[in-house]
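Asks: Turn these sequences into a full structure, and let the hints steer you where they fit.
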Amino acid sequence: MSFIKKYIEQETINRRNFLLAGAYGLGGVAATSMFGPGMARAALTDPAVAWSYRNRTNPYWNEIVSGGEAFVESLGKSKDFLTHLINEGSSEKSLADVKAILAKTNGNLALAIDTNDAPNARPVVEAVAAAGGFVSTLWNKTDDLHPWDFGDNYVSHMSWSDEGPAEQTARILLEAMGGKGGVVHLGGIASNNPAIERLNGLKNALKDYPDVELLAAEPADWDTQKANQVMSAFLTRYGDEITGVHCANDTIAYGVLEALRAEGIDDMPIVSYDGNPQAVELVAQGKILATVFTNPHWGGGITAALAYHAAIGTFKPSDEPHEHREFYGPTVFITPEDAKEFKANFIESVPTYDWTDFWGPSNGQIMYK
Amino acid sequence: MGTVLTRELLVKWAPLIVLIVLILFFAAMEPRFFSMRNFARIGISSAPALMVAIGVTFIIIMGSIDLSMEGTVSVCAVIFAFAFIAWGGTLASVAWLALPLALVVGGIVGLINGLVHVKLKIPSFMASLAMGFVGTGFALLLTGGDRIRVEDELFRGLLTTRWFGFPIMCYVAVAFLLIAWFIQTRTTLGRNFYAVGGGEDLAHASGLNVNRVRVMGFALAGVFYAVGALLAVGRIGIAETATGSNFMFVSITSVVVGGTALWGGIGGVWNTLIGVLIVNVINNGMVVIGLPGYVQDGVLGALVIAAVVLSTDRKSVTFVK
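If you read the sequences in order, they're chains A and B.
Straight run, no breaks: the first sequence in our numbering ends on number 369.
Straight run, no breaks: the second sequence in our numbering ends on number 321.
Calculated from the structure, these hints are not laboratory results.
As the structure is a prediction and not an experimental result, all values here were calculated from the model.
All residues carry an ideal CB built from backbone N, CA and C; glycine is no exception.
No false leads were slipped in.
What follows is a list of derived Cβ distance ranges for each label pair: (1) B:L154 x A:R122: 52 to 58 Å; (2) B:Y294 x A:Y368: 22 to 28 Å; (3) A:K203 x B:G144: 33 to 39 Å; (4) A:H84 x B:P292: 34 to 40 Å; (5) A:G76 x B:R162: 57 to 63 Å; (6) A:L75 x B:K121: 46 to 52 Å; (7) A:G89 x B:P292: 20 to 26 Å.
As a list, the in silico EDC-like pairs of lysine to aspartate or glutamate whose alpha-carbon atoms are at most 20 Å apart: (8) A:K104 x A:E126; (9) A:K287 x B:E151; (10) A:K287 x B:D152; (11) B:K119 x B:D201; (12) A:K180 x A:D208; (13) A:K369 x A:E323; (14) A:K226 x B:D297; (15) A:K79 x B:D146; (16) A:K226 x B:D146; (17) A:K343 x B:D146; (18) A:K287 x A:E337; (19) A:K180 x A:E213; (20) A:K316 x A:D354; (21) A:K287 x A:D266; (22) A:K287 x B:E153.
Replies: What follows is the structure in structure tokens.
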């Protein structure tokens, strides 16, 4: 029986060694983190680059990611160098993915992320900073969370304020309606910030057009088929009273156009938002009066570029002014007059961007209400 | 005996009564609801959903469930659009072959679905749900997230050409409804669905190859999903990964509201027609009477429960799972 005894003895020693080694390792980590997240590492060498976003079925996120891929290609790497973290609309998965990749890369990470909802931004940023990685966020964060509170590790946040641009497209619509009649609004998912801002934009514009009535505003969930059905029902309820349609985005506008086509209506004034290629084509044909392009390709690329270049030490985020840490993304109006030119410049040939011109096309520091 | 008969009769006709009551209710709230043009609009929104719901009706009659419709619809829509455009882009050319191709693709996806369920002995719920994800993923792989526009005027005639006020897609849907009715009542396969759903052990003991019936059922459902996909593309002129979105909820709800029991053996395609119309009348009616958006989902849920309570005979069921 002595061999059993020997085996147990050996295992006990092994376990003790393992536990000791583990404790030593933890102590080492704790000692490093005592110097604070900004101090942990001044610059990384060859960090992994990851983009965390909702899904690829949506043309908008598809454009975002194409920008991220263009950026890693500009580094002389293949597209596959960019790691895709897809959260499928779940904040929990978004955070879990981030923690997993931090563990895998040991914090040697440049992360671009839309955290799916605003409250999720803080745990994500804290996790990345604690591991010594670098993160840039897009769209979602709470108003009290600021990059400059995290030294260098929270590099930047980019968002868009849609109220102003949506108001401008609404004015184009209301002018086309001759300043009278009835308008319907088909919105995004009711609780989404852009959906709320885009409807507010319409309401602001309507204040100057007292003869136009807002007949109804219904959520169409950014969905073509749902928009199609909601528009059909609007036609039943209001019929000829509808003389203009304000859509919260392009995918909604496609559904609206088809609902109108089914009724043989092809001259209804419509405006939309996002500047997807198909919508630009429809603007060129005069079927949509205006849309707003937010250049998601550039947004996706530059968000990854900011995190990467901060990580390798090209620039030091804490030396930059606040308007370089929190800023609005670009907005470009597309109307029938300039649609052809826009198509040639942005769609038929995707421009090659200088991914170190971090703030060129941006639109000023984010203002909180 | 008299009361039992009335109860049976009531249950049999309850879905239709629910539909009529809903139509009268919405018409009373907003007279414009009750117009030919609005019925045509309800028809347009019902046609693709009806095809998908008929497909899943066969599966539910067998006592199984199929949740692969969203993926299957997307795959069929995308492959149809690619083939249609590659082969000429108009129905007046050989591109019309893309129509039968889509049906074949739907059948193959359904066949795989059925084989996974039967051969690997995975419950239909899980097998089909997984196949649905595979389908959505495959459609995404094909499109890379882009949308494919189908602009051919002839094909879009499904929506734009009207006979007696209704667009052609409504007549196509009715034609396939009649085909489904024929399969259900006049073919061995159709009657075997009821045999499997009514008592699988008994059917098996009687010498019926239950596995074969199941696989055939899933393949048949796939073909109907493909028809639904074609009508969905005809309706908005776009094929994309999201073409299949929402079909799962609408079709399963419609089948159940129409009076086909989830435990199998009861119901049929006419029940499904009524169910699809109930769901679409509710959806259309709520916007038409101007119900605020945020209460619509809640009202839909409550109405679905009410419709199921009225339209299924739950007395014969000893337990619910």
